[in-house]
Structures are given as structure tokens and as C-alpha cells.
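Colleague: Letter by letter, the chains look like this.
Protein chains: 2
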Amino acid sequence: MNNKRKAVVLLSGGIDSATTLYLAGKMGFDIYALSFCYGQRHKIELQAAGRIASHCGVVQHITLDIDLRLFGHSALTDDIAVPKSRSIADMDKDIPVTYVPARNTIFLSLALAWAEVLESNDIFIGVNALDYSGYPDCRPEYIAAYERMANLATKAAVEGRQKIKIHTPLIDFTKAQIISQGLKLGVDFRLTHSCYDPAQTGEACGKCDSCLLRQKGFEEAGIPDPTVYKIQP
Amino acid sequence: MNNKRKAVVLLSGGIDSATTLYLAGKMGFDIYALSFCYGQRHKIELQAAGRIASHCGVVQHITLDIDLRLFGHSALTDDIAVPKSRSIADMDKDIPVTYVPARNTIFLSLALAWAEVLESNDIFIGVNALDYSGYPDCRPEYIAAYERMANLATKAAVEGRQKIKIHTPLIDFTKAQIISQGLKLGVDFRLTHSCYDPAQTGEACGKCDSCLLRQKGFEEAGIPDPTVYKIQP
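Sequence lines, in order, name chains G and A.
Residue 78 is where the first sequence starts when you use our numbering, and the numbers rise one by one after that.
Residue 78 is where the second sequence starts when you use our numbering, and the numbers rise one by one after that.
Hints were generated in silico from the structure; no laboratory data involved.
Misleading hints may appear alongside valid ones.
Which copy is meant is left open, so a pair is good if it fits within one copy or across any two.
Below, simulated BS3-like cross-link-like pairs (lysine-lysine); rule was C-alpha separation at most 30 Å, straight line [claimed, not checked]:
no., residue 1, residue 2
1, 242, 232
2, 232, 293
3, 120, 232
4, 284, 242
5, 103, 307
6, 103, 284
7, 284, 240
8, 242, 161
9, 307, 240
10, 261, 232
11, 232, 284
12, 161, 83
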């Protein structure tokens with residue numbers, strides 16, 4: 078059986094991974110979506126991932142538990158305050174406290190394991206080097222080095238049955254371009270979630286880096302933002 | 078505070094990782110040992126890891142849960158039979174069914190995350206290219222590619238505060254040399270566990286690849302094997 082048309086797609090539940098998922102579908106792949114419960118402070122993004130996977134019609138969606146809180150040290154998994162109301166220029170200055178150590182390396186490694194089991198060559202990740210908010214593991218040179226390593230790592234690659242390709246279709250897109258592309262592909266952005274610090278009821282804060290980049294993206298794309306934000310006092 | 082003397086050591090509970098742990102200690106590192114509960118068919122090797130970490134006096138020992146059974150496809154995590162009584166020549170012929178997809182890539186990625194949090198440059202893994210039993214992710218070219226990728230992956234590396242070194246002190250050793258080295262360093266091999274298919278009570282089967290390589294190692298080192306084997310009919 079030739080399984081060359083299967084793809085593993087990393088799915089967080091945000092705009093970028095949702096658009097990436099639909100792009101992989103458009104390219105004709107059977108999709109195996111992979112999400113992680115890694116000690117995020119809220120599970121709302123995992124609910125979003127489930128809704129998107131279901132809406133897109135993936136073959137399988139696995140959510141894997143890894144408790145990265147054991148290592149600590151990130152505003153996404155710890156009790157450090159999420160920065161609010163920063164200018165986009167300030168976001169670009171340094172790597173934010175919301176950085177999770179080696180996150181994409183961990184996620185890609187688990188995608189690689191699943192790809193080998195599925196006899197798939199293709200892994201998709203929605204990283205973005207423009208609006209990347211300062212994460213080192215979103216840069217093209219990192220992805221290239223990862224791909225090279227991956228092709229030395231698996232039994233299937235060493236035996237010549239696998240040639241891993243890490244697809245990063247959004248890497249050179251602005252957030253506005255991602256949103257426009259997603260809309261064309263049929264992504265329902267109401268199903269996605271971006272906020273680092275949502276209310277318990279799911280409304281986005283509207284002030285964290287991720288909300289601000291999302292708002293700016295919809296604005297620049299000339300598309301109404303369907304996000305439900307907390308009513309500010 | 079300069080934390081350059083901390084090391085993350087991957088610890089499975091076998092001869093190789095135990096010897097690697099003691100070597101890192103001998104080199105003067107404060108040791109942070111990392112083990113995984115990844116859906117192994119038995120937990121005896123995790124008990125061994127705990128005993129060894131305690132005997133060696135590590136600063137911290139974390140066992141992380143990742144359920145790789147969700148991906149399936151290995152005799153170590155599935156119901157495929159573990160091969161028995163193979164010749165060493167046969168083991169070298171192909172990659173065994175006990176191969177776990179991308180295992181070292183996953184383990185090193187989690188070690189990398191912890192190293193970044195600890196502000197450590199040093200990760201130790203007891204891979205071995207001679208008695209490596211056919212695993213692609215034990216080869217020097219794989220380790221070199223991993224190290225290169227790791228130095229593009231972390232915030233600390235990108236900011237020039239971290240230079241990751243993947244230490245593989247046993248990579249060119251025979252099993253006999255590892256055992257001799259371990260003994261000199263004070264490893265108590267009674268605490269280690271190698272068998273892929275132990276009895277519920279912990280005795281080794283004496284016939285799987287891992288038992289056979291262990292027996293051969295002790296024999297060639299001229300050291301009595303302290304392992305408790307199941308009494309064969």
C-alpha cells in the first residue's frame with residue numbers, strides 16, 4: 078500500500094495552524110492532525126483544535142499529553158503574567174516570556190514519530206517568520222536543520238523508504254495574508270482561538286500579543302474579526 | 078549565577094545510561110536525570126532508573142509521561158513478540174521490531190527543553206554505535222545533526238547564552254568496555270535493567286537481544302553478570 082499522500086499536521090487551534098491544515102487538505106493529503114496538552118493554562122485552544130479538525134474532515138486527530146510544567150519557565154504554562162497592550166514594535170524587540178522552551182522541537186519530534194508509523198513523508202507546521210513574535214524555532218534556518226536531522230533519525234529514512242519534508246507554507250506570509258488565504262480555503266475563523274489569556278468563558282482578552290496580532294491581521298486583510306472579546310471596562 | 082555545570086542526562090535504567098550518568102558525575106556536572114514513561118510494556122526499567130538516580134546522587138530526577146502507544150508500531154509498546162535467541166550477527170542485519178519511532182529524537186527534544194530552563198549547555202545520552210542493535214538514532218551523524226538543530230532552536234542559543242553539546246561518551250565503546258568503565262566509576266549493575274521481556278517479578282528473560290548483548294558484554298569484560306535471570310526449563 079502506498080501511503081505517500083498522508084500528512085501529519087500540527088494543530089494548535091489558532092489562525093496559522095488552521096490555515097495550514099486546510100492548505101494541506103487542498104494539496105490532496107489525507108490529514109492526521111496532532112495537538113498537545115502540554116500544561117497550557119487554559120484548554121480553550123484544544124477545544125478550538127478539535128472543532129477545526131472536525132470541520133476540516135481529518136482522518137484522525139490525536140491530542141497527546143506532555144506535562145511541560147515539570148520543566149516550568151513560561152508564561153503559557155506558569156504563573157508569570159502575560160504581557161498586555163504592547164506595541165507591535167515592542168513585540169519584535171525580544172523573545173517574549175510566552176516562549177515555551179524547545180516547543181516546536183518537541184512537537185515536530187512527536188509528529189516525526191507518527192509520520193514514520195503512518196509511512197508518511199510530510200509534516201506541516203504553521204510557523205511564520207514575519208509575525209513570529211520572536212520565537213527562534215519559527216525561523217527557516219531552524220526548520221531546515223530540523224528536516225536534515227529528521228532524515229537521519231528514522232528507520233524508514235535510513236532504509237530509503239521515507240524522505241521527510243517539513244512543510245511551512247505560511248513562513249513568509251503576513252498575518253493578513255494568512256487570514257486572506259484561510260478564508261479562500263474555507264477556514265471558519267470563528268472556530269479558531271488565539272488569545273494567551275482568555276476568560277474562563279472563552280472570550281479573548283483583546284490585549285495580549287496574540288490578540289493584537291490577530292486584530293491587526295484582520296484589519297489589514299480588510300475582513301471583519303469574528304472573535305468574541307471580553308467587554309473592557 | 079553561572080549554571081554551566083548542570084547537565085541533563087537521559088536515563089533509561091540500563092547499563093549504558095547508568096554508566097553515562099556516572100561519567101557525567103565524574104566530569105563534575107550537577108546531574109538532572111530524565112526518564113520517560115512512554116508506554117513501555119513493563120515499568121521495571123523505570124524502577125531501575127529511580128534506583129540508579131538515587132544511588133548516583135543526582136540533583137533531580139524527572140520521569141515524564143508520553144503515551145507513544147497512541148502512535149503504535151513497536152514491540153516495546155505493542156503486542157508484537159520480542160525476538161528471542163537470535164545470534165549477534167542476526168541482530169546486526171536489520172533494524173529490530175523493538176525500534177520505537179523517533180524515540181531518541183523525542184527524548185533529546187525534551188532534554189533540550191529542560192536544559193534551556195536549567196541554563197545548561199550539556200545533554201548526555203548513552204547511545205552506542207557498535208552494539209547499537211540497528212537503531213538509526215544512535216549513529217554519530219544523527220547526533221551531530223541533532224546538535225546543530227538544537228543550537229538553532231532555543232531562545233538561549235539564539236541569544237548567545239547557550240551552546241548545546243550532546244555528549245555521547247559511549248558511542249565508540251563495546252558493551253564490554255562500557256561495563257568495565259561503569260565498574261570503575263562505581264555503577265552497581267545489580268540496579269540496572271536491560272531485558273525487553275522480563276517476568277512480572279522482574280527477572281530477565283535471558284533470550285532477547287538486550288539480554289544476549291548484556292551477557293556477552295559481561296563475559297567479554299571478564300566480570301560476573303549480576304543479573305537475575307528466569308530459570309529456564
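Colleague: Next, verify each hint and record whether it holds.
Modeller: Consistency of the hints with the structure:
Both within a single protomer and between protomers do residue 242 and residue 232 lie at most 30 Å apart by alpha-carbon distance, with minima of 16 Å and 24 Å respectively. Taking the shortest Cα distances, residue 232 and residue 293 sit within 30 Å of each other only across copies (26 Å), while inside one copy they are farther apart (44 Å). With identical chains, the CA atoms of residue 120 and residue 232 are at most 30 Å apart between copies only, with a shortest distance of 25 Å across copies and 35 Å within one. Within a single copy, residue 284 and residue 242 get their C-alpha atoms no closer than 36 Å, and across copies no closer than 39 Å, so neither meets the 30 Å cut-off.
For a Cα distance limit of 30 Å, the shortest separation of residue 103 from residue 307 qualifies neither inside one copy, at 34 Å, nor across copies, at 56 Å. For a Cα distance limit of 30 Å, the shortest separation of residue 103 from residue 284 qualifies neither inside one copy, at 33 Å, nor across copies, at 50 Å. In this assembly of identical chains, residue 284 and residue 240 lie within 30 Å of each other by CA distance neither inside one copy nor across copies; the values are 42 Å within and 35 Å between. Taking the shortest Cα distances, residue 242 and residue 161 never come within 30 Å of each other, neither inside one copy (37 Å) nor across copies (36 Å).
Neither within a single protomer nor between protomers do residue 307 and residue 240 lie at most 30 Å apart by alpha-carbon distance, with minima of 46 Å and 43 Å respectively. For the homomeric pair residue 261 and residue 232, neither the shortest alpha-carbon distance inside one copy (38 Å) nor that between copies (35 Å) is at most 30 Å. Proximity of residue 232 and residue 284 under a CA criterion of 30 Å is satisfied inter-copy only: 24 Å between copies versus 46 Å inside one chain copy. Within a single copy, residue 161 and residue 83 get their C-alpha atoms no closer than 40 Å, and across copies no closer than 34 Å, so neither meets the 30 Å cut-off.
Going through the hint list in order, the structure does not satisfy hints 4, 5, 6, 7, 8, 9, 10, 12.
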